[in-house]
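Generate coordinates for the entire structure from the input sequences, incorporating the hints supplied.
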Amino acid sequence: MRVWLACVLAFALAWMAFAPIAGGDPEELFEIPQGTYARRMAGNKVEILPSTIRLTLGVRNVLLLRNLDEVPQVFGPVLIMPGQSFRLPFELASTYSFACTAHASGQMQVIVDPEPAPGWDRFQWRLLRLRMKGRAL
Amino acid sequence: MQPQRHRGTEEYRRAFSLCLCASVLAIFLSFPAWSAPALKAGVFEPPAKAPEFSLQGTDGKELKLARFQGKITLLVFGFTHCPEVCPTTLATLAQARKQLGAAADAVQVVYLTVDPARDDLDRIRKYLGAFDKSFIGGTARPEVLAAVREHYGVFAKKIESPGENYGMSHSTSVFLIDRQGRLRALMPYGHVPADFVHDLKLLLASK
Numbered sequence: 001m002r003v004w005l006a007c008v009l010a011f012a013l014a015w016m017a018f019a020p021i022a023g024g025d026p027e028e029l030f031e032i033p034q035g036t037y038a039r040r041m042a043g044n045k046v047e048i049l050p051s052t053i054r055l056t057l058g059v060r061n062v063l064l065l066r067n068l069d070e071v072p073q074v075f076g077p078v079l080i081m082p083g084q085s086f087r088l089p090f091e092l093a094s095t096y097s098f099a100c101t102a103h104a105s106g107q108m109q110v111i112v113d114p115e116p117a118p119g120w121d122r123f124q125w126r127l128l129r130l131r132m133k134g135r136a137l
Numbered sequence: 001m002q003p004q005r006h007r008g009t010e011e012y013r014r015a016f017s018l019c020l021c022a023s024v025l026a027i028f029l030s031f032p033a034w035s036a037p038a039l040k041a042g043v044f045e046p047p048a049k050a051p052e053f054s055l056q057g058t059d060g061k062e063l064k065l066a067r068f069q070g071k072i073t074l075l076v077f078g079f080t081h082c083p084e085v086c087p088t089t090l091a092t093l094a095q096a097r098k099q100l101g102a103a104a105d106a107v108q109v110v111y112l113t114v115d116p117a118r119d120d121l122d123r124i125r126k127y128l129g130a131f132d133k134s135f136i137g138g139t140a141r142p143e144v145l146a147a148v149r150e151h152y153g154v155f156a157k158k159i160e161s162p163g164e165n166y167g168m169s170h171s172t173s174v175f176l177i178d179r180q181g182r183l184r185a186l187m188p189y190g191h192v193p194a195d196f197v198h199d200l201k202l203l204l205a206s207k
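Protein sequences appear in the order of chains A and B.
Quick note on my numbering: the first sequence kicks off at 1 and runs consecutively.
Quick note on my numbering: the second sequence kicks off at 1 and runs consecutively.
Hints are computed from structural coordinates only; laboratory data are not their basis.
Small disclaimer: the values here were computed from a predicted structure and weren't measured.
Watch out, some of these pointers could steer you wrong.
As the list claims (entries may be wrong) - Under the rule of at most 30 Å between Cα atoms (straight-line distance), these lysine-lysine pairs were calculated in the DSSO-like manner:
(1) B:K133 to B:K61
(2) B:K64 to B:K49
(3) B:K71 to A:K45
(4) B:K126 to B:K71
(5) B:K158 to B:K201
(6) B:K64 to A:K45
This is the structure we're talking about:
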């Protein structure tokens, strides 16, 4: 029985450290809700897109912007038509700066972190995710 | 004693087999699902018709997107005094066209100035010619150019400095317009020629 337990534990640890990261949704979605333009025209402050977005290669490396409003909207670096979405993938870990008139600074940053390397990095990353899921429950 | 040792060996063998199977299964499940090749640029879904414009072209003709129906148009906004972004972008696009070979005939680069006060047709023509003779530039009255920029969500702002040597802060992405004149994608600044070649091949192959 002890042998079995040791094997299962060893497998679990090895999987956490070395198994490739995949599956799940690679897209980080931000939506402009319907009526945003009307709320802005009424004088309300509407902040949808944060000035800094953090993505991770191989995990969540696609920025998805969707305009559900009735009018075209400048969203981050692009003008998106009503009902349209803009899907921007990132393949290099870096800090990307975009001009964005929706922000007071006029800038928006997308920080793309590298994919956690096999071994200790990946193990820590999975452990962190487990903890976050545990807290969410 | 012997049967006990045999049972122990058997247990190790089973545990090892189970671990091996579980590892293979875990790795198999961890691989991403097969998917169709995607553009490296940001993609608009669904694609909408690219806003049309009517400007003066550096080739002496009226500069309209409709002229390039059937080709892929790469639309760039910039100014000829630009110290870094415009030369890098134009050199990248020239390199991408070279790498495309004969297929480059179906790709048109259009460069619209955001600085009409200094960029006249002659200056834009000479500037673009240094990168690729096929590039076409365009200018117009400031308010006409401002309206075009607004339709594309492009910003441009003068950075004041003493004398004539002012700068311009402007959007740096390249718009990819397909053969049907639809705005399909936007390539952010910083991509290498190979990324453009990748996307242009996909767009040229698509209907």
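How the hints compare with the structure:
| no. | hint | verdict |
| --- | --- | --- |
| 1 | B:K133 to B:K61 | 16 Å, holds |
| 2 | B:K64 to B:K49 | 13 Å, holds |
| 3 | B:K71 to A:K45 | 43 Å, violated |
| 4 | B:K126 to B:K71 | 24 Å, holds |
| 5 | B:K158 to B:K201 | 36 Å, violated |
| 6 | B:K64 to A:K45 | 38 Å, violated |
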